[in-house]
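Q: Here is what each chain is made of, one letter per residue.
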Amino acid sequence: MLLPTHENVISIVQAKFSCTEIVRTLHLNASITQKGWVDESRILALVEHDSTFALFIIISEKVKPESFSDLTIERAIPIDKHFSCDTDPIPESYTHIIFSIIHKKLKLNFVIEIGFESSNFASEVIRLKEVSSFNVNNFNWLDKYSCGGSQTEIDVQQATMNDQSPDLPIVRQKVAQGHGISANRESFLRYQLSLKEPEYTHLQEFSIFVGTWNVNGQPPTISLKNWLSVDQEPPDVYAIGFQELDLSKEAFLMFDTPREAEWRKAIMDAIHPDTKYRSVAYVRLVGMQLEVLVNNSHYKYIRNVAIDTVGTGILGKMGNKGGVAVRLELHNTSLCFVNAHLAAGVEEVERRNQDYNDINQRANFRRHPYTIKEHDQVYWLGDLNYRITEQSAFQVKKYLASDDLASVLLADQLNQQKDLSKVLQDYTEGDITFQPTYKFDLNSDVYDTSEKARAPAWTDRILWKGKGIHQLAYRSHMDLKISDHKPVSALFKSEICVVDQNKYRKVHEEVLKKMDKLENEFLPQVTVDQSEVIFDTVKFREPQHREIIIANTGQVLAEFEFIKKLDDVSYCKEWLSITPFSGCIKPGEKCDLRLIVNLEQPLESIYDILVLHLIGGKDMFITVSGECQRSCFTTSIATLSRAPVPLLQLTPDQFKHAENQQSSILYSIPRELWLLVDHLYRNGLKTRELFESTALHEEIIRIRDWLDLGSMDPIPGSIHAVAEALLLFLSYTRDPIIPYHLHDTCIAAASNYQNCKQIVMQKMSDLDRNVFLYLCMFLQELLKYSNENGTDPKTLATIFGDILLRDPIRNSRPQANRGKASFIYHFLINDQSSLIMPCK
Amino acid sequence: MANRTSAAQRPNGSTQGKICQFKLVLLGESAVGKSSLVLRFVKGQFHEYQESTIGAAFLTQTVCLDDTTVKFEIWDTAGQERYHSLAPMYYRGAQAAIVVYDITNQDTFARAKTWVKELQRQASPNIVIALAGNKQDLANKRMVEYEEAQAHAEENGLLFMETSAKTAMNVNDIFLAIAKKLPKNEQTTGPGGSGQGRRLVEGDSGAKAAGNCCK
Ligand SMILES: Nc1nc2c(ncn2[C@@H]2O[C@H](COP(=O)(O)OP(=O)(O)OP(=O)(O)O)[C@@H](O)[C@H]2O)c(=O)[nH]1
Ligand SMILES: [Mg+2]
Chain A
1 MLLPTHENVI SIVQAKFSCT EIVRTLHLNA SITQKGWVDE SRILALVEHD
51 STFALFIIIS EKVKPESFSD LTIERAIPID KHFSCDTDPI PESYTHIIFS
101 IIHKKLKLNF VIEIGFESSN FASEVIRLKE VSSFNVNNFN WLDKYSCGGS
151 QTEIDVQQAT MNDQSPDLPI VRQKVAQGHG ISANRESFLR YQLSLKEPEY
201 THLQEFSIFV GTWNVNGQPP TISLKNWLSV DQEPPDVYAI GFQELDLSKE
251 AFLMFDTPRE AEWRKAIMDA IHPDTKYRSV AYVRLVGMQL EVLVNNSHYK
301 YIRNVAIDTV GTGILGKMGN KGGVAVRLEL HNTSLCFVNA HLAAGVEEVE
351 RRNQDYNDIN QRANFRRHPY TIKEHDQVYW LGDLNYRITE QSAFQVKKYL
401 ASDDLASVLL ADQLNQQKDL SKVLQDYTEG DITFQPTYKF DLNSDVYDTS
451 EKARAPAWTD RILWKGKGIH QLAYRSHMDL KISDHKPVSA LFKSEICVVD
501 QNKYRKVHEE VLKKMDKLEN EFLPQVTVDQ SEVIFDTVKF REPQHREIII
551 ANTGQVLAEF EFIKKLDDVS YCKEWLSITP FSGCIKPGEK CDLRLIVNLE
601 QPLESIYDIL VLHLIGGKDM FITVSGECQR SCFTTSIATL SRAPVPLLQL
651 TPDQFKHAEN QQSSILYSIP RELWLLVDHL YRNGLKTREL FESTALHEEI
701 IRIRDWLDLG SMDPIPGSIH AVAEALLLFL SYTRDPIIPY HLHDTCIAAA
751 SNYQNCKQIV MQKMSDLDRN VFLYLCMFLQ ELLKYSNENG TDPKTLATIF
801 GDILLRDPIR NSRPQANRGK ASFIYHFLIN DQSSLIMPCK
Chain B
841 MANRTSAAQR PNGSTQGKIC QFKLVLLGES AVGKSSLVLR FVKGQFHEYQ
891 ESTIGAAFLT QTVCLDDTTV KFEIWDTAGQ ERYHSLAPMY YRGAQAAIVV
941 YDITNQDTFA RAKTWVKELQ RQASPNIVIA LAGNKQDLAN KRMVEYEEAQ
991 AHAEENGLLF METSAKTAMN VNDIFLAIAK KLPKNEQTTG PGGSGQGRRL
1041 VEGDSGAKAA GNCCK
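Protein chains in written order, with the working numbering: chain A, 1 to 840; chain B, 841 to 1055.
Keep in mind that the hints were calculated from the coordinates and are not lab data. One should not assume that every hint holds.
To be verified - The calculated lysine-lysine pairs, modelled on DSSO-like cross-linking and capped at a C-alpha distance of 27 Å, are:
{"#": "1", "chain 1": "A", "residue 1": "Lys196", "chain 2": "B", "residue 2": "Lys883"}
{"#": "2", "chain 1": "B", "residue 1": "Lys858", "chain 2": "A", "residue 2": "Lys506"}
{"#": "3", "chain 1": "A", "residue 1": "Lys517", "chain 2": "B", "residue 2": "Lys1024"}
{"#": "4", "chain 1": "A", "residue 1": "Lys618", "chain 2": "B", "residue 2": "Lys957"}
{"#": "5", "chain 1": "A", "residue 1": "Lys196", "chain 2": "B", "residue 2": "Lys858"}
{"#": "6", "chain 1": "A", "residue 1": "Lys506", "chain 2": "B", "residue 2": "Lys1024"}
{"#": "7", "chain 1": "B", "residue 1": "Lys1024", "chain 2": "A", "residue 2": "Lys300"}
{"#": "8", "chain 1": "A", "residue 1": "Lys513", "chain 2": "B", "residue 2": "Lys858"}
{"#": "9", "chain 1": "A", "residue 1": "Lys503", "chain 2": "B", "residue 2": "Lys883"}
{"#": "10", "chain 1": "A", "residue 1": "Lys506", "chain 2": "B", "residue 2": "Lys1020"}
{"#": "11", "chain 1": "A", "residue 1": "Lys564", "chain 2": "B", "residue 2": "Lys957"}
{"#": "12", "chain 1": "A", "residue 1": "Lys565", "chain 2": "B", "residue 2": "Lys957"}
Let the hints inform the model, and build the full structure from the sequences given.
A: Structure follows, in structure tokens:
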């Protein structure tokens, strides 16, 4: 039975089930057409357990799933006595049909492709339905597949809850993907309210008068009172249909006829005088006209009125035959009135049946997803044109003369066709106790005396379908003689579902509360193992990390990200990095985050509050803090030159005074700078690629500590490490050696040594100038050994230009680098000894 | 009934009433009972030991008025002072705020007053503010007089109620009072922010797309 392509899919789907639950057959790629259902690729699976069957709707992330993790069971529907299914063609589609599944109040329409797969699947479902409805089945095994609901509710509620929550798995998915539940809200609300309808409605009887008359193109020259106002009580609703309102060619071709207004007026003149009526809808197609009126006091309870017409006449679509229909909702009951004029001709039984089917299939009330049969109550009226064939006119008249209607009715084509389920299958008709209404000589009660001498027939009929409809009268009106037909009417007492406003409010509120509850339950939830991350003493360029664990404790996928606070530029401070800073965690799973702090700024402490945001949910705060250890690398030249001892040996007061430049300058260049340069001068002049190789991270840290703490030991680390430490020192001093505000001037002057010299001599502070010239002299010294160390002035100028004139934001102006290098270059190739101030 | 709306007669149970969505934020010193009020309102529960909020919790809850349905998006903020600077993230764009204090603690009332000032300066100009004197069940340890708080509320145009998350007293009522006071027309939007008075038209005609809300 299975398509070969499905064989591997079936094993994937089977993996979603236990071994006693056997996937019997599948239908791939079924899409739900209903509003409110998320458009996903779905798989229908028939699953058997202990001789019971259920239909599973499974959402698949791929059209053809590759693993069972692609699948989510959306809903399980037991194939029991409440289950039914149906197939319906889609108008103008030759490739797809609608496969509908009905279970209690749930109705799902799937669009599936016509073919081997679909016909197999549908017939298998239908077959199982037939088998299973005879058994009393136990469907407990499906319980575990129902979703949502809360354990605290009592069982009955639980059961209904499950019934009512088709959207839940989708909600689950979608919420997790950042879509709110609100897209489903409206349909979910409507669906839930419809399920609870009995709780807030009661049935109230309304009288409905339905009339039909084929007027044979005659104008209304007589009053219709004897047809429309024969009952004592005024009906609540009138549905009045005419056929052959106008037989002229104009009416047929131009769709316009003066008769329309005339007959409508005739109706208004003849309806029950004891009440005021208002027209709810009116529709006409050529000669078929239908008007629905209601008692004024009911008018405000009428909603969603719609009309449609279906022509089945010439070419199968012209309006000389066919039907017109009005649909509406009266309180909470949907009503549909269809006025049909089916194919004429004694022998045209099949044609009439066909017209009936066409009307059913083609009538649709655009704004409402309703076809005729989907209404709570349908009233079908009209000149259905079914005749008496098996008896001669003579015979019929003879029976009628002896009041033997029963014998004639046996030969009525409509009764026969209905018995064969060829037409109006689900409709009921009251007993006919009136004479055939066709065909009379005009203005008489005499049956056709023309040459054709047609057998009299009940062409004009009224049938109904739906719950709570009681027919009180079904009759013809012989007094109205202007046509070759007599009018027919039926009076019904019909149960209409009326809303009790207070109860409705209560239920509405309950449902909303339930939805809130679901919505809150399906918000993403995570816990963070620490909301406070404290780092050990943070030191210059010595990264530290901490792990935090986020656990998804909710029911949905949690999508998280760190978000910016208010006007911040980034989600965290520049000394911190977070990996990953966003991500997704499945329910029950965890995610490790690594916070790395790397200090390059002169900070006394670090502090930040991180905002971890769950998309579609809450925020959590994580505080990050730590004390920092100061270092000469990030301290200003001015402070260092005032420090009598290494930085970390300073008392807080000493440091404060030095920093505030209250104490006097003790060194013309910082001690630390001198130590580095002196070491290079003494040990590194002949070293190749002195400034061009990178040192080990630990070496730099050791040099940093050696400088900051002070030590009698020799400087640690290789000569290259010391060289790199020098570059770092110059790169991170609080301010660049050449102050920012002079950079543009320096670059502008770069082509002229004298100008450059002037800037250095006149614009720089003594301290900065000393440092600058001291470095230049050292570099000149280095260049003296270029044969051995392989360096050259251009290279050094480029390296030091970049550092001594560093930009406020690193690497922000690469185009200025040449200017900076040229500026420095002058000081590497010209003798500066004359410029040096006497050192202390 | 004067405003017997057509909502109830709506076929298939859907209402004609609109759903208005509002962002509501709770502010106030730590431990005054903000989270407890939300928990009571949303889930009908109370925890004697309620963990201090470190972040901003988010929940939704709907209240039905006569002709409209108001859906609150509730942001329950962290009251600890060190998180104060983050509060604007949550009251920005909010249409309603409940400033909570603890009637047994005068300091929390002082803090509530400064929250109100901050909201009046920084939040949307037409924000609806309610003052909640919580822990009313502990009235025997009262340190803030009802009249004093009420006077303050009146001066500043605030809604005011004494509440108890523990006994549920006035909890629904204060949210309901806010819902009633919120403007239900289209112009409920304040400056910036999300979730601005979104109005969902509920179940009008079948042809309308789901979730058709004007953001
Ligand atoms: N007696 C009494 N206790 C309450 C009431 N409301 C809250 N509490 C208690 O007060 C404590 C603090 O309540 P929370 O709801 O956590 O306070 P909060 O304002 O959210 O605090 P933060 O999250 O830190 O800002 C908890 O122990 C609650 O049980 C109340 O109405 N009456
Ligand atoms: Mg809290």
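Q: With reference to the structure, classify each hint as holding or not holding.
A: Taking the hints in turn, this is what the structure says about them:
no.	hint	result
1	A:Lys196 x B:Lys883	23 Å, holds
2	B:Lys858 x A:Lys506	17 Å, holds
3	A:Lys517 x B:Lys1024	24 Å, holds
4	A:Lys618 x B:Lys957	26 Å, holds
5	A:Lys196 x B:Lys858	21 Å, holds
6	A:Lys506 x B:Lys1024	22 Å, holds
7	B:Lys1024 x A:Lys300	25 Å, holds
8	A:Lys513 x B:Lys858	16 Å, holds
9	A:Lys503 x B:Lys883	23 Å, holds
10	A:Lys506 x B:Lys1020	18 Å, holds
11	A:Lys564 x B:Lys957	25 Å, holds
12	A:Lys565 x B:Lys957	22 Å, holds
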